[in-house]
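**Student:** Sequence:
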Amino acid sequence: MKKKTTGGKRPAPAGRSLGLKASRVGGPVKRSSASGPKAAQKQAAERREQKGKGHAIGAGNRFLRGGKIDPRPINGREKVVDLIDGTFLAYNAGRLREACQLFTEKMLAADVTVGLTMTGALTPAGLGMAAVIPLIEAGFVDWIISTGANLYHDTHFGLGLTMHRGNPQTSDIVLREEGVVRIYDIFFDYDVLLSTDAFFRAIIQAPEFQRPMSSAEFHYLCGKYVRERERRLGIGQKSLLSAAYTAGVPIYTSSPGDSSIGMNIAALALDGNKCVIDPNADVNETAAIVLDAKRGGGYSAVCILGGGSPKNFALQTEPQIQEVLGIDEKGHDFFLQITDARPDTGGLSGATPAEAVSWGKIDPDRLPDAVVCYLDSTVALPLLTSYALAKRPKRKLRRLFDRREAMMARLVSEYEKGRA
164 MKKKTTGGKR PAPAGRSLGL KASRVGGPVK RSSASGPKAA QKQAAERREQ
214 KGKGHAIGAG NRFLRGGKID PRPINGREKV VDLIDGTFLA YNAGRLREAC
264 QLFTEKMLAA DVTVGLTMTG ALTPAGLGMA AVIPLIEAGF VDWIISTGAN
314 LYHDTHFGLG LTMHRGNPQT SDIVLREEGV VRIYDIFFDY DVLLSTDAFF
364 RAIIQAPEFQ RPMSSAEFHY LCGKYVRERE RRLGIGQKSL LSAAYTAGVP
414 IYTSSPGDSS IGMNIAALAL DGNKCVIDPN ADVNETAAIV LDAKRGGGYS
464 AVCILGGGSP KNFALQTEPQ IQEVLGIDEK GHDFFLQITD ARPDTGGLSG
514 ATPAEAVSWG KIDPDRLPDA VVCYLDSTVA LPLLTSYALA KRPKRKLRRL
564 FDRREAMMAR LVSEYEKGRA
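Take any residue in the sequence shown, count from 1 to its spot, add 163: that is its number in the numbering used here.
No lab work stands behind these hints, which were simulated from the structure alone.
Cβ atoms here follow ideal geometry from the backbone N, Cα and C, with glycine treated the same way.
Watch out, some of these pointers could steer you wrong.
Stated by the list, open to error - Label pairs and their calculated CB-CB ranges: (1) 329 x 581: 37 to 43 Å; (2) 329 x 249: 48 to 54 Å; (3) 486 x 576: 14 to 20 Å; (4) 573 x 238: 51 to 57 Å; (5) 558 x 374: 52 to 58 Å; (6) 426 x 348: 24 to 30 Å; (7) 553 x 215: 51 to 57 Å; (8) 274 x 240: 56 to 62 Å; (9) 223 x 421: 36 to 42 Å; (10) 254 x 200: 32 to 38 Å; (11) 434 x 581: 29 to 35 Å; (12) 257 x 375: 18 to 24 Å.
Stated by the list, open to error - List of simulated lysine-lysine pairs, DSS-like, C-alpha gap at most 30 Å: (13) 231 x 242; (14) 557 x 493; (15) 231 x 554; (16) 242 x 493.
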């Protein structure tokens with residue numbers, strides 16, 4: 164026999180007020196809420212308005228403790244710092260503000276070792292000279308991982324060769340006939356490539372190059388020759404390689420053969436040249452830098468421009484230390500990435516710092532000190548550099564290149580202890 168129903172309405176479950184969403188279990192909502200009874204809240208707001216009474220909206224709400232969006236009008240006299248702190252308040256402007264503040268307030272502390280990774284054609288656009296060299300000279304970048312292409316095109320400037328602004332709509336067929344090469348809206352003479360190739364082939368045949376070496380050693384030697392060429396030409400310091408050589412900042416490349424520099428090394432090998440870039444040395448040296456930062460009582464930070472292989476090469480230092488070498492460690496402490504890559508495609512370039520935690524790349528306790536800004540690096544890097552130089556004094560150069568042997572000795576020692 165069927166049980167009779169009462170009025171066709173199902174009674175509200177115990178402990179849940181009418182008008183609340185099913186996901187909100189608990190007592191009645193006492194203030195305005197999208198999950199509360201709409202009619203009553205609407206009438207209360209109208210009564211307050213009629214009586215001219217103010218209302219402390221969201222007072223005490225833990226989600227409303229951020230600064231109010233109430234910027235001063237832009238008047239054209241703002242400094243970069245004021246513009247970023249005062250008007251970059253939301254969306255990716257907000258993330259860039261957070262990135263600038265993270266970099267300046269935490270990553271540039273005296274006990275933090277900062278690694279910079281570079282992908283995309285940054286140096287052809289002049290950002291080596293405009294931004295990266297000033298960061299190196301200020302002691303704000305301690306080691307670098309870059310695509311070989313960035314280092315190759317950087318060398319043009321150190322050799323006194325020129326790059327020019329152009330129109331990306333120009334016919335590439337016409338440009339080829341005129342002997343002009345383009346990187347989107349950057350134009351340069353084809354002979355720039357030939358001259359740079361000739362420079363690298365000449366120096367790589369020097370006796371000091373005739374051995375296997377890490378890419379940091381290779382770039383250090385190249386930087387010495389580029390610096391000498393700059394002096395002879397009287398053009399000042401135009402090259403990232405030259406500046407890194409002067410400051411003792413090691414520069415690695417995660418794929419040595421994937422650039423015109425590597426292509427010229429390979430070509431000379433056919434003639435019996437003994438210069439070989441040793442990727443094993445690169446993997447262990449970069450891991451040693453991170454381990455030394457931690458064991459020295461400090462912290463490790465990564466600033467990632469773009470993504471790609473350099474990003475992975477910087478972040479894999481922690482799995483190399485923990486998973487492969489069996490050394491007790493937790494992950495990088497500070498993570499800052501500027502990228503236009505989405506995380507949902509599965510590519511490493513778009514992978515978030517939270518995802519990196521699952522690999523042991525990022526210390527899970529430091530996730531609040533991680534910022535991803537979805538923005539073109541050519542826009543963000545000059546702003547980040549100006550902001551940092553305005554807010555922080557220069558740091559003492561760490562000259563990590565000079566300390567490679569000591570750092571490797573520490574890595575080997577801990578590795579051997581773990582195997583004993």
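**Student:** For each hint, tell me whether it holds in the structure or not.
**Tutor:** Status of each hint after checking the structure:
| no. | hint | in the structure |
| --- | --- | --- |
| 1 | 329 x 581: 37 to 43 Å | 55 Å, violated |
| 2 | 329 x 249: 48 to 54 Å | 35 Å, violated |
| 3 | 486 x 576: 14 to 20 Å | 19 Å, holds |
| 4 | 573 x 238: 51 to 57 Å | 53 Å, holds |
| 5 | 558 x 374: 52 to 58 Å | 33 Å, violated |
| 6 | 426 x 348: 24 to 30 Å | 25 Å, holds |
| 7 | 553 x 215: 51 to 57 Å | 46 Å, violated |
| 8 | 274 x 240: 56 to 62 Å | 37 Å, violated |
| 9 | 223 x 421: 36 to 42 Å | 56 Å, violated |
| 10 | 254 x 200: 32 to 38 Å | 33 Å, holds |
| 11 | 434 x 581: 29 to 35 Å | 43 Å, violated |
| 12 | 257 x 375: 18 to 24 Å | 47 Å, violated |
| 13 | 231 x 242 | 21 Å, holds |
| 14 | 557 x 493 | 29 Å, holds |
| 15 | 231 x 554 | 23 Å, holds |
| 16 | 242 x 493 | 39 Å, violated |
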